[in-house]
Amino acid sequence: MLGLFEKAIHPRTSARHEKVSVQPIDVIEKMDLARALKNGCGILSAMEGGKFGVGVFRFGAFELDAAEKELRKHGIRVKLQQQPFLVLCRLVERPNHLVTREELRSELWSEETFVDFDHSLNEAVNKLRLALGDSATHPRFVETVPKHGYRFIAPVEAKRTPPPEPRPPAKRSRLTLYALVASLLVVGTVALRYASRRSPPASPRTIHAVAVLPLENLSGDPSQEYFSDGMTEELIAHLSMIEALHVISPTSVRRYKGSDKSLKQIAAELRVDAIIEGSVRLAHDRVRVTVHLADPETEQSRWSEFYEGAADDLFAIQMELAKTIAREILLELPPQDEARLAAGKERKPETYQAYLKGRYHWNRRTEADFLKAIEYFSEALSYEPDYARAYAGLADTYNLLAVYNMQRHRRAMPRAKDAALRAIALDPKLADAHASLGCIHFLYDWDFPASEREFQKAIEVNPRYPTAYQWYGIYLVSRGRTDQALEMLRRALELDPMSLSINENLGWALYVARRYPEAIAQFEKTLDLDPAFGQGLRYLGLTYLHVGRTEDALRVLERARAAFQGEAEIRADVALAFALAGHRDEARELLDELMLASEERYVSPFLIARFHTGLGETDEALDWLDKAYEDRVANIVFIGVDPFFDSLRDLPRFRDLLDRVGLREIG
Numbered sequence: 001m002l003g004l005f006e007k008a009i010h011p012r013t014s015a016r017h018e019k020v021s022v023q024p025i026d027v028i029e030k031m032d033l034a035r036a037l038k039n040g041c042g043i044l045s046a047m048e049g050g051k052f053g054v055g056v057f058r059f060g061a062f063e064l065d066a067a068e069k070e071l072r073k074h075g076i077r078v079k080l081q082q083q084p085f086l087v088l089c090r091l092v093e094r095p096n097h098l099v100t101r102e103e104l105r106s107e108l109w110s111e112e113t114f115v116d117f118d119h120s121l122n123e124a125v126n127k128l129r130l131a132l133g134d135s136a137t138h139p140r141f142v143e144t145v146p147k148h149g150y151r152f153i154a155p156v157e158a159k160r161t162p163p164p165e166p167r168p169p170a171k172r173s174r175l176t177l178y179a180l181v182a183s184l185l186v187v188g189t190v191a192l193r194y195a196s197r198r199s200p201p202a203s204p205r206t207i208h209a210v211a212v213l214p215l216e217n218l219s220g221d222p223s224q225e226y227f228s229d230g231m232t233e234e235l236i237a238h239l240s241m242i243e244a245l246h247v248i249s250p251t252s253v254r255r256y257k258g259s260d261k262s263l264k265q266i267a268a269e270l271r272v273d274a275i276i277e278g279s280v281r282l283a284h285d286r287v288r289v290t291v292h293l294a295d296p297e298t299e300q301s302r303w304s305e306f307y308e309g310a311a312d313d314l315f316a317i318q319m320e321l322a323k324t325i326a327r328e329i330l331l332e333l334p335p336q337d338e339a340r341l342a343a344g345k346e347r348k349p350e351t352y353q354a355y356l357k358g359r360y361h362w363n364r365r366t367e368a369d370f371l372k373a374i375e376y377f378s379e380a381l382s383y384e385p386d387y388a389r390a391y392a393g394l395a396d397t398y399n400l401l402a403v404y405n406m407q408r409h410r411r412a413m414p415r416a417k418d419a420a421l422r423a424i425a426l427d428p429k430l431a432d433a434h435a436s437l438g439c440i441h442f443l444y445d446w447d448f449p450a451s452e453r454e455f456q457k458a459i460e461v462n463p464r465y466p467t468a469y470q471w472y473g474i475y476l477v478s479r480g481r482t483d484q485a486l487e488m489l490r491r492a493l494e495l496d497p498m499s500l501s502i503n504e505n506l507g508w509a510l511y512v513a514r515r516y517p518e519a520i521a522q523f524e525k526t527l528d529l530d531p532a533f534g535q536g537l538r539y540l541g542l543t544y545l546h547v548g549r550t551e552d553a554l555r556v557l558e559r560a561r562a563a564f565q566g567e568a569e570i571r572a573d574v575a576l577a578f579a580l581a582g583h584r585d586e587a588r589e590l591l592d593e594l595m596l597a598s599e600e601r602y603v604s605p606f607l608i609a610r611f612h613t614g615l616g617e618t619d620e621a622l623d624w625l626d627k628a629y630e631d632r633v634a635n636i637v638f639i640g641v642d643p644f645f646d647s648l649r650d651l652p653r654f655r656d657l658l659d660r661v662g663l664r665e666i667g
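The numbers in the numbering used here rise by one with no breaks, and the one at position 18 of the sequence shown is 18.
By construction, these hints were calculated from the structure, which means they are not laboratory data.
In this text, a Cβ means the ideal position worked out from N, Cα and C, and glycines have one as well.
Treat the hints with care, since some could be wrong.
Claimed, not checked - In silico lysine to any residue, SDA-like type, Cα no more than 20 angstroms apart, as pairs: (1) 127 x 60; (2) 429 x 410; (3) 127 x 154; (4) 261 x 58; (5) 79 x 65; (6) 127 x 77; (7) 348 x 426; (8) 372 x 346; (9) 525 x 481; (10) 79 x 216; (11) 627 x 581; (12) 79 x 68; (13) 127 x 261; (14) 147 x 133; (15) 429 x 531; (16) 257 x 364; (17) 127 x 219; (18) 257 x 531.
Unchecked claim - Ranges of calculated distance between the beta carbons of each label pair, as one might list FRET restraints: (19) 375 x 599: 43 to 53 angstroms; (20) 619 x 222: 51 to 61 angstroms; (21) 221 x 630: 23 to 33 angstroms; (22) 619 x 664: 34 to 44 angstroms.
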């Protein structure tokens, strides 16, 4: 079984508390409307019932509401000071047209205002870009026209409603006014009493589950994506330490990076009560983090703050963020949760940033990125050799290099094991290190009791870690304990509902249990999340082979081959499908290509063994399985349950192989 394992990062760090700066995000500062009108901003003029009526302008995920004098993103108010707001008004009024600096000066800065205009305008535009998450070098909204002015380049949808017709004021006697006020007071009192009986005042909804959407990178530098991604995962990790709060895993929320879905839609898909979103900026050794807690039903902000400090205060900022959010949700943080958040050791900024870069590349799941991850984790350890999480990162990386057949198992797995043991020695409560060690015991040592103990330990020290349930579920599949396996995998999905890997693993467990219709339905559900997900396509195609849908299998496996870009694993499966469909010549041709490729890079003998079973070539299949055993290939632990080896189960050589691996009772 290849490519089964997907990892949800769940680090444990915290630090001293130092909240550098806190600022609620609110509507822009109250301004003198008369001054704004005098200075000539057309959109603001419309608020007073000008010829355009009230204006709401939509662009990207933003809404500019002239009547309310506010900028909103996904319905949440974004703090924007007066001058940047007025500049935005003027630019949005004339999308795709140059607005000169002189026009902005004459309209938005009165003659009585004595300021350095150039500096003030530049500062206003910079603040506007910061609020929009825009970049001067790669603009999505505000483009600079050098020496002339600015142009708003995003598509703008304007929604204007005509102002109401003015009515002449009615003349009322003093007695009539008194009677009207008295009547309103009586009606109001009755209405309030009635409302108190029928509709008690609504209180904020209780929050049991929350999702932290990927924080936006506001640096304007794509190379800083590692930092915003890492900060998102660290915030999730801290919040996950709070026992009463269900926090969605990074793997699931990562799918919403750059998404234009509404908060309500995202919350429904993730089954959460609240959404946290925000932005992060790293520049000149300073960090600024802005977060909002939103109610997805109303798409209104319940709470918002920003933190700013030196880069070496990252631990303090992260911990303070998590504690503040937790108190906002739970009102009071239980002592045990407070203690968990306070645990941990601060790290040097260069150590921590190297670690974040390692995790960023590890998440990208290519061979080149795995090698970059090893470089960065090693760099972190060169700064601080006692950093357990960097060792856990090395263990995870070497582990997947073997599982994905990118390196020989005898080369990668011992390195993974050494790193995992070092991580556990430094921090016995590091769940990801225990899970990695369990995986190594399972796939390489074939020490199944030790593997199960490590998976259970990982769940014990961190019950919110989805990967521990996922890997434990895969282990249980290999042991023929299907019902327990399905329970573990469904628990992993609760924590990480949008994970392609966990969704696919659940389908694979049903496939191994020969529950093919259920497996097909689960693979189709997985592909609804991502139609180009290679592993989902691969196992859907293999399942079609078992139910006799060979043409469907070939069609789907060809899609998988495109997704995998012709990697050895999928070429072997396509060859197997051709063999089972009776296209032996095509199958042989693909096998020859695979053997030729093996001269330049590692090709697992397990793949070739399975191909020969498809052709009914028993001796060749067993020969290649013996080779897989000698190489200690990870997939060998699944031969006791893999449907493709059913035809070999009664053969003495196959039974002997099961004995050598420790799977006699399974096969």
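Taking the hints in turn, this is what the structure says about them:
no.	hint	verdict
1	127 x 60	holds, 18 angstroms
2	429 x 410	violated, 28 angstroms
3	127 x 154	holds, 18 angstroms
4	261 x 58	holds, 14 angstroms
5	79 x 65	holds, 13 angstroms
6	127 x 77	holds, 15 angstroms
7	348 x 426	holds, 17 angstroms
8	372 x 346	violated, 24 angstroms
9	525 x 481	violated, 24 angstroms
10	79 x 216	holds, 16 angstroms
11	627 x 581	violated, 27 angstroms
12	79 x 68	holds, 13 angstroms
13	127 x 261	violated, 25 angstroms
14	147 x 133	violated, 23 angstroms
15	429 x 531	violated, 38 angstroms
16	257 x 364	holds, 14 angstroms
17	127 x 219	holds, 13 angstroms
18	257 x 531	holds, 18 angstroms
19	375 x 599: 43 to 53 angstroms	violated, 28 angstroms
20	619 x 222: 51 to 61 angstroms	holds, 54 angstroms
21	221 x 630: 23 to 33 angstroms	violated, 48 angstroms
22	619 x 664: 34 to 44 angstroms	violated, 22 angstroms
Consistency note: the structure conflicts with the earlier hints numbered 2, 8, 9, 11, 13, 14, 15, 19, 21 and 22.
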